[in-house]
Amino acid sequence: MVKMRRKMVVAVFAGVLLLILGGSLASFAAEGIYSDFQPGARAQGMGGAFVGVADDVNAAWWNPAGIAQQEKGAFTFLYSNPFSISGFTLNYLSWVAPGTLDFINGGFALSYLKVSSKLEESWDTTNEMVAPEMWILSLAGTAAEDKLYYGINLKGVSVSAEHTDEGTIRRGGVAGDIGLFYNITDRFSMGLVTKNLAASLGGEGFPRSLRVGFAGKFMDNKLILAADFNSKEYVEGKEEVWQTHFGVEWAVTDAVALRLGSDKGNFTAGFGFKFSLPGKYAPEASLDYVYTSNDDLESTSRFSFTILFK
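Residue numbers (the numbering used here): 520 to 829.
Source of the hints: derived by calculation from the structure; they are not laboratory data. Think of the CB as a built atom: it goes at the ideal place given N, C-alpha and C, for glycine as much as any other residue. Any given hint could turn out to be false.
[Stated by the list, open to error] Now the in silico label distances, taken between C-beta atoms and shown as ranges: (1) MET738 <-> LYS633: 37 to 45 Å; (2) LYS783 <-> GLU652: 24 to 32 Å; (3) VAL693 <-> MET738: 29 to 37 Å; (4) LEU656 <-> ALA788: 27 to 35 Å; (5) SER818 <-> LEU777: 16 to 24 Å; (6) TYR800 <-> VAL760: 44 to 52 Å; (7) VAL771 <-> SER677: 38 to 46 Å; (8) ILE703 <-> ALA801: 33 to 41 Å; (9) ILE697 <-> PHE828: 39 to 47 Å; (10) TRP769 <-> SER820: 34 to 42 Å; (11) PRO802 <-> ASN610: 20 to 28 Å; (12) GLY675 <-> VAL771: 26 to 34 Å; (13) LYS799 <-> PHE748: 42 to 50 Å.
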């Protein structure tokens with residue numbers, strides 16, 4: 520039963536993308552492809568509750584405004600095989616450079632996301648390779664020192680599909696995000712992100728999504744409690760629903776952190792381990808892991824590796 524569901528997921532995923540390329544799918548499908556993949560093992564370990572935290576290299580994806588509140592640059596890489604489905608991979612790279620844009624008292628980030636799905640067989644398709652890609656330029660600035668930050672994402676989107684009979688089909692487009700981050704007090708913060716503004720893929724638009732997050736830091740910032748709420752269209756026949764994400768992170772030591780969360784009702788758990796790379800002037804690094812359950816498919820394990828520049 521699980522194996523059949525896994526094949527159906529890949530089949531639907533490939534079919535959706537091919538229909539987008541052909542221009543015959545309702546425009547909402549493109550938005551779902553990119554909003555459902557959540558880069559960052561740390562953020563995912565907290566159940567995807569990260570918009571109100573946004574304090575590391577993953578802020579570029581979750582809430583670009585968070586880039587401006589950071590002090591150190593970083594580079595991260597994530598590779599994942601979602602749901603253990605053969606031929607289905609997720610790759611994400613991001614480099615964040617805070618404190619580099621003096622004219623807005625902020626910084627920038629460059630990110631890249633690629634999802635590949637190889638469908639060996641389905642009801643009427645053979646040997647499909649579907650590969651959506653996204654390039655993101657993030658800019659973030661400070662509106663009120665230590666209080667209010669803002670950020671934008673400028674996204675280039677590309678989807679290609681290789682078909683045994685029709686060859687390679689490609690479509691491209693653009694989209695934008697706007698994010699805000701506000702420190703309510705020294706302990707509590709909130710974030711707000713609206714995604715896919717002026718979005719277009721292959722001449723068709725796709726809906727915006729809204730996400731709001733709240734976070735609280737306790738025990739000298741060693742304990743973080745967070746909650747996110749996001750809108751999503753066309754779920755279970757409904758035009759719009761609100762989904763919930765809850766997470767907790769506990770820094771056991773300066774080097775080790777434990778995480779638990781609930782991502783739309785799915786259990787998540789993970790850890791982070793910071794260490795120094797070899798060499799006198801070498802930067803620090805972080806290895807993060809997350810386990811995500813799923814009621815219908817196999818669980819997913821993800822690792823991300825991050826270099827933390829001094």
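Next item on the list: Would you pick out the hints that fail for this structure and give their numbers low to high?
Entry: 3, 9, 10, 12
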